[in-house]
Amino acid sequence: MAQIVTLAEAISAAISDGDTVAMEGFTHLIPHAAGHEVIRQRRRDLTLIRMTPDIIYDQLIGAGCARKLIFSWAGNPGVGSLHRFRDAVQNSWPRPLELEEHSHAGMANRFAAGASGLPFGVLRGYRGTSLPAHTTGVADIVCPFTGETLTAVSALRPDVAVIHAQRADKQGNVQYWGISGVQKEAVLASSRSVVTVEEIVDSLDPRPGAVVLPWWAVGYVAVVPGGAHPSYALGYSVRDNDFYLAWDAISRDRQRFADWLDEHVFGRFVQVGQLAGEC
Amino acid sequence: MLTYTADEMMTVTAARSLRDGMTCFVGIGLPSEAANLARTTHAPNLVLIYESGTIGSKPGQVPLSIGDGILAETADSVVSVPEIFNYWLQPGRIDIGFLGAAQLDRYGNINTTVIGPSYDKPAVRLPGAGGAPEIAGACQEVAVVLRQSRRTFAERLDFVTSVGYGDGPGARSQLGLAGGGPRLVITDLGVLRPDQQTFELMLTGIYAGVSVAQVRDSTGWELKVSPELIEIPAPTEAELVALRRLAASRSQAARLSPASTVLAASTAPRASPAAAVTE
Numbered sequence: 000m001a002q003i004v005t006l007a008e009a010i011s012a013a014i015s016d017g018d019t020v021a022m023e024g025f026t027h028l029i030p031h032a033a034g035h036e037v038i039r040q041r042r043r044d045l046t047l048i049r050m051t052p053d054i055i056y057d058q059l060i061g062a063g064c065a066r067k068l069i070f071s072w073a074g075n076p077g078v079g080s081l082h083r084f085r086d087a088v089q090n091s092w093p094r095p096l097e098l099e100e101h102s103h104a105g106m107a108n109r110f111a112a113g114a115s116g117l118p119f120g121v122l123r124g125y126r127g128t129s130l131p132a133h134t135t136g137v138a139d140i141v142c143p144f145t146g147e148t149l150t151a152v153s154a155l156r157p158d159v160a161v162i163h164a165q166r167a168d169k170q171g172n173v174q175y176w177g178i179s180g181v182q183k184e185a186v187l188a189s190s191r192s193v194v195t196v197e198e199i200v201d202s203l204d205p206r207p208g209a210v211v212l213p214w215w216a217v218g219y220v221a222v223v224p225g226g227a228h229p230s231y232a233l234g235y236s237v238r239d240n241d242f243y244l245a246w247d248a249i250s251r252d253r254q255r256f257a258d259w260l261d262e263h264v265f266g267r268f269v270q271v272g273q274l275a276g277e278c
Numbered sequence: 000m001l002t003y004t005a006d007e008m009m010t011v012t013a014a015r016s017l018r019d020g021m022t023c024f025v026g027i028g029l030p031s032e033a034a035n036l037a038r039t040t041h042a043p044n045l046v047l048i049y050e051s052g053t054i055g056s057k058p059g060q061v062p063l064s065i066g067d068g069i070l071a072e073t074a075d076s077v078v079s080v081p082e083i084f085n086y087w088l089q090p091g092r093i094d095i096g097f098l099g100a101a102q103l104d105r106y107g108n109i110n111t112t113v114i115g116p117s118y119d120k121p122a123v124r125l126p127g128a129g130g131a132p133e134i135a136g137a138c139q140e141v142a143v144v145l146r147q148s149r150r151t152f153a154e155r156l157d158f159v160t161s162v163g164y165g166d167g168p169g170a171r172s173q174l175g176l177a178g179g180g181p182r183l184v185i186t187d188l189g190v191l192r193p194d195q196q197t198f199e200l201m202l203t204g205i206y207a208g209v210s211v212a213q214v215r216d217s218t219g220w221e222l223k224v225s226p227e228l229i230e231i232p233a234p235t236e237a238e239l240v241a242l243r244r245l246a247a248s249r250s251q252a253a254r255l256s257p258a259s260t261v262l263a264a265s266t267a268p269r270a271s272p273a274a275a276v277t278e
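Protein chains in written order, with numbering that gives the first Met the number 0: chain A, 0 to 278; chain B, 0 to 278.
Incorrect hints may appear among the rest.
The calculated label-pair distances, taken between Cβ atoms and stated as ranges, are [said to hold, decoys possible]:
{"no.": "1", "chain 1": "A", "residue 1": "Gly-266", "chain 2": "B", "residue 2": "Gly-179", "range": "27 to 37 Å"}
{"no.": "2", "chain 1": "B", "residue 1": "Pro-43", "chain 2": "A", "residue 2": "Thr-148", "range": "54 to 64 Å"}
{"no.": "3", "chain 1": "A", "residue 1": "Lys-67", "chain 2": "B", "residue 2": "Gly-115", "range": "19 to 29 Å"}
{"no.": "4", "chain 1": "B", "residue 1": "Pro-232", "chain 2": "A", "residue 2": "Ser-91", "range": "47 to 57 Å"}
Simulated from the structure, these hints should not be mistaken for laboratory data. A quick note: this is a predicted structure, and the numbers were derived from the prediction, not measured. C-beta atoms are modelled at their ideal positions from N, C-alpha and C, and glycine is treated no differently.
Take the sequences, apply the hints, and build the full model.
What follows is the structure, encoded as structure tokens:
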């Protein structure tokens, strides 16, 4: 049942050390501000799930919050590598990172299975690749009707889903539109959820293609304008491609990354607290 | 006389392989640039489909990521990530998959996961699978765009992320891969197509000023050359003008950035093998 709280309260209540956390948003609506709050609250030993780890998980991994990563594509889209992720995998810095990697189609079906209350999802995929030999949660399955061999992927059931949306109403109904990714599945597959929104309105008016998550299906809702930056919220902001380009140099160097974190994540604590406290 | 770079020749050649009215599942980077060039020149009705769930995007500029807002705003339809993979890609509705790669072998199998010596201790950790395995499996045909060198054209892949022709004839049907597999590989030196009997890639086209010896030197296996090897026509003025207009639109945002960001934009894709992969 939706509770409208501050971002700090939402993260504090929803996420504990050792939890399995899915922060979703496919390029669009990535919950960056919530990720920063997790770093500020110094959560540790998290199993992080995300199809495209992107900059948000580069930051969480570099900050030492993650023990394990479940993912399907770990890059800076259109730019290159995630250097904090690579440093963790190649050099165990700042700590070793266990990997469980899949394909996008596999991850999408794992979330859908979790949302559906099923133990696994089925797809045509993985066969002939090196993936099944190096990951868990993938197995051949024979169709009981046709005899065809297909691929089963185990359901994802995170402790917590974290997403960003354009709006919520005062009751906590959440609305988002544009590229909708796998957020609905992530929220419905998880035990708890945190939703940051650009604004809270009196009532939600219809938007073309909008997804609405009803108040009784979401957990904590917090107002964080610009909470997706450098990702974006269609209708509210544009993707800050300059930041994605700049991140390549910031993240390449451990000290430069640490300085960036100090200035922009830990330094923003007061500001974000004030923003969230105003509502 | 027109002057152009090897990369421009590659992108123009890749664009020419797309016919008007085709449906094309587009990977980010080189494939996206080529697909957008085709749509703005000879193939105005090319249907661009991105794994972020945008169907029929008409961006007018090359997006940095597969989820830039312009892809959703100009699309005929925007669907969720589970839907794009399950309903649209998996049943074989899409004519051509346009992919990049970090490493490719003689059967068009692709590696975008790790470069040696082992999965657990990789020398280079790449982004991973993304949508590529299922795109390579399900599209009616696949085209791969990558720069050719002994490093990228490998005798043996360190990891099979996406299957081309597996270990040769019969492999795709044995694995249950319904799509036609890689019909075309476009590089900065020329074009390769599979032999109809053995499915081994052979050099079928070469650019002006490139020698067969040079292509062989840039291939990690003993490259077969088609007896009907052709020289691929140089870019026309119209193709080059359109390509450079697209490239300029992409860097428009970067022009507003500090010099260091612009530098990162122009050097990052070359500096990192990860930049060559699908998204």
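Here's how the hints hold up against the structure:
no. : hint                                : in the structure
1   : A:Gly-266 <-> B:Gly-179: 27 to 37 Å : violated (54 Å)
2   : B:Pro-43 <-> A:Thr-148: 54 to 64 Å  : violated (41 Å)
3   : A:Lys-67 <-> B:Gly-115: 19 to 29 Å  : holds (23 Å)
4   : B:Pro-232 <-> A:Ser-91: 47 to 57 Å  : holds (51 Å)
Of the hints listed earlier, those the structure fails to meet are numbers 1 and 2, in rising order.
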